[in-house]
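Working from the sequences, and respecting the hints, build out all of it.
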Amino acid sequence: MSQVEPITREESLTKKSGVIRKNNKKFLDTTDYQIKSSQVKNQRKKKRSIFYWPLIFNLEELDETFLISYRKLLVRSPKLTSFEMEILSGQQLVNKNRNSVSADDVLKDKDIIAFYFSAHWCPPCRMFTPVLADFYEETKDKSLPLEIIFVSSDRSEDALFDYMSEAHGDWLAVPFGSPMVEQLKKKFNVQGIPMLIITKKDGTIVSTNGRSDVENKGANAFKDWSN
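Using this note's numbering, you'd call the opening residue of the sequence shown number 1 and step up by one each time.
For the record, the hints were derived by calculation from the structure and aren't laboratory data. Cβ atoms here follow ideal geometry from the backbone N, Cα and C, with glycine treated the same way. Wrong hints could be hidden among the right ones.
Claimed, not checked - Taking lysine-lysine pairs in the BS3-like style, the calculated list, with each CA pair at most 30 Å apart, reads: (1) 186 / 96; (2) 96 / 110; (3) 187 / 223; (4) 217 / 185; (5) 200 / 96; (6) 223 / 140.
Stated by the list, open to error - FRET-style restraints, in silico, Cβ to Cβ: (7) 179 / 227: 20 to 26 Å; (8) 162 / 89: 27 to 33 Å; (9) 182 / 106: 18 to 24 Å; (10) 227 / 124: 24 to 30 Å; (11) 209 / 123: 17 to 23 Å; (12) 87 / 192: 17 to 23 Å; (13) 104 / 131: 26 to 32 Å.
Structure, rendered in structure tokens:
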């Protein structure tokens with residue numbers, strides 16, 4: 001790694017990172033950096049040679065010694081724009097035409113991800129799915145950065161795609177039989193269906209009652225989720 005030249009406290013931030021202003025204070029945004037885990041011990045339990053470590057520091061609370069030392073750990077990388085939820089990162093999703101698509105590619109520009117846990121054999125699901133499809137169409141008409149991912153509890157792959165073709169919007173689904181189905185159910189503690197979980201792109205849960213949000217507010221629910 002190249003040596004870090006002696007620089008002032010503010011230069012150490014503005015030269016190599018983004019500076020955010022908020023409430024008349026400056027903050028360092030290090031989301032677009034990579035840190036070598038061998039140099040930063042005990043930051044994560046998982047062993048990886050390189051990982052993304054998004055942090056924001058208040059510049060007024062940091063001293064120069066820390067900043068210069070911290071910069072020696074940083075390796076400049078492209079700004080992180082791909083989908084960040086670990087379960088879906090690098091995975092394939094499917095559309096109703098049975099075509100596979102990259103989760104990273106289709107979700108990279110989405111701010112809100114809605115996970116729809118449902119199945120064709122479930123009567124309440126069949127009642128809510130057309131409502132959700134109308135909601136989805138309205139968000140697309142308004143160019144809102146949202147995507148829905150269907151997590152099926154159907155009993156066969158054909159049942160999954162029949163359900164998508166009959167009643168679903170043009171959203172995506174986790175492939176039938178994928179380990180992601182159980183991983184997502186566990187992550188969001190899904191106990192029954194239909195269930196619509198709303199998250200930000202990093203996996204932060206915004207609402208566990210997305211079904212009620214959609215039924216009561218329609219596309220206006222997006223504004224609440226994105227705040």
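Numbered hints the structure breaks, given as an ascending list: Checked against the structure, the only hint that fails is number 7, while the rest are satisfied.
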